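Could you slot chain S onto chain F? The hints should help.
Protein chains in written order, with this note's numbering: chain F, -15 to 247; chain S, 274 to 683.
If you are wondering where the hints come from, they were derived from the structure by calculation, not from laboratory data.
Bear in mind that the values here come from a model prediction, so they are computed numbers and not experimental data.
Calculated from the model, a selection of chain S residues having no Cβ within reach of chain F, i.e. all distances over 10 Å:
id, residue
1, Thr323
2, Glu439
3, Gly547
4, Glu550
5, Thr559
6, Ile670
Partial list, computed: chain S residues near chain F (C-beta under 10 Å):
id, residue
7, Phe299
8, Val300
9, Glu302
10, Thr303
11, Pro306
12, Asn455
13, Asp456
14, Arg459
15, Val462
16, Arg466
17, Gly579
18, Gln580
19, Ile581
Every residue, glycine too, gets a C-beta built ideally from N, C-alpha and C.
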Amino acid sequence: MTRIDQKFASLKAEGKKAFVAYIMAGDPDLATSLALMKGLPAAGVDVIELGMPFTDPMADGPTIQLAGQRALEGGQTLQKTLDMVAEFRKGDSTTPIVMMGYYNPIFSRGVDTFLKDAKAAGVDGLIVVDLPPEEDDELCIPAQKAGLNFIRLATPTTDDKRLPKVLQNTSGFVYYVSITGITGAAAAQAGDVGPEVARIKAATDLPVIVGFGIRTPETARAIASVADGAVVGSAIVKMVEEKRPVPEVLAFVKGLADGAHSA
Amino acid sequence: MAEDLINSFMTGPDEAGRFGQFGGRFVSETLMPLILDLEERYEYAKTDPTFWAEMDDLWKHYVGRPSPLYHAARLTAHLGGAKIYMKRDELNHTGAHKINNVLGQIILARRMGKTRIIAETGAGQHGVATATVCAKFGLKCVVYMGAHDVERQAPNVFRMRLLGAEVIPVTSGRGTLKDAMNDALRDWVTNVRDTFYCIGTVAGPHPYPAMVRDFQSIIGKEVRWQLAEQEGEGRLPDTVIAAIGGGSNAMGLFYPFLDDPTVRIIGVEAGGKGVDERMEHCASLTGGRPGVLHGNRTYLLQDDDGQILEGFSISAGLDYPGIGPEHAWLHDSGRAEYVSITDKEALEAFQLSCKLEGIIPALEPSHALAHVMKIAPTLPRDHIIVMNMCGRGDKDIFTVAKHLGFDMKI
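Chain F extracted, bound-state conformation (with noise of 0.2 Å):
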């Protein structure tokens, strides 16, 4: 059982829901990142989403974009974001890290080192953007021999004869991604999640978490309510963008997590 596992167990025997924060590694710079990081537990973080600059981040919108630039531009690398989880795991060492973002600066650093120095600074799991089912054997197999979770999106274009392909190899939660589009666009519908949710847990035993689109405490709780989950990123991202400081930023994170919380 991996961190992420024994959250979602203790989650559910608590009857809570899940919230998720997403975080821009070295934005602005690694210092600022890491005392965030270092926040967000206490915040009521359930688990942490830990992004990995890349430049060209297809996936995403403007705000997560010009995050990865700053930390580019602050000198973030990859090894300093595995150095940042390693510092964060000496003052914490239950809450989930799932690293997240695009696959090219892990092929350049090679899988197995990769996947060797990530699960030893005590990564948990992974999300990489653009590695769908069909690209398996590139990291998600190996990852789950490392003994690290590899989460999966799942999206409203997943229809149901592909949905058991997606899930095949996916474990530690699913992420259902709640609109077509990039992150921090559109806000998402509960009203339209809700089914969907209900399609994706009818074929999976996993917790189904919901992001994009979500920025309000009152969205994280009526999202929350009809998944396992709620996901911020870009709005959290988007106070580190306005430069405010970090206990005003946790401030924020905490009611977003109060608000799934409430669910």
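This is chain S only, laid out in the frame that chain F set:
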């Protein structure tokens, strides 16, 4: 030819869309069902005679195919070696080879019931071709173009707008072709139901590299029979040469000759200011290494951490940090050679073509011509080179004037 398929270079890609380790389908889940659907529909269309009948009719009456295969006699005499032919795809409607592929994709899009077409463009040639065919069929057209390219290719931006297309300047990254492709993919991921993404080169996720190659292969197929007509039955070129950004005009010329071992195949990349550690070039094969971008694994310009670098070239059409995966595979397998030509060499070739042949070439084929200038003098007179004159230079006269220090203000 190709009787022994095991030794054929023409069987790729495999079912996973791979040419060896290159190619593939590295896209987000949202797009995956769309490219699988596209693959299925293309595989069907490919074997449908009515699809090709429609293509042939438009190629002939709308594009002006076949394009001439022209013996460049004065250039041949000037260089004093190999006999040089130019495949005149710059005479196509819209002034470049790009329309060969656009026609195919738009006819397919219509068959799929798609009503909105999106495209990325660098120099603007693919954007103009897409806007043109969309106008002809009454389809909505949105073209993503890097803000930097919008500035340096202003005439093509105006052409696209005249043709009814919406041109969206892309400001992310450095505002070039790579960034335009990112934004086109973001559009597609958002508008999955009605939108068809018309990719302009032999890159992107499977089936695009194979599909675009198939549409562009009309170039090489014509060269085969045209050269036989002019030089005698069975005469093949000894060398074929084409410029490469993403590599669609080159794949179109090369593909029908891959299984003719006597035909030497040379791709010419944009060397910018020189292929060295400054990385001010777009030579992915000679100056990059394998990576994953825009849906496929191929050679990419990237730093040690796998971050993609911006290309640099005088030619907006070659300014792309990757290359089609089939080229990457032909490179590694040794079937084709890849060289690079600097901005300066391309400018010299540009001027020579104007002066000796009365042909103003685009800056892209000027790179191919510059390599012809290098090797032709070293080859015997009975050696036949066919270079792909894949675009005309009208769009580039402002850029060239600037580099030659000529004041265009009237």
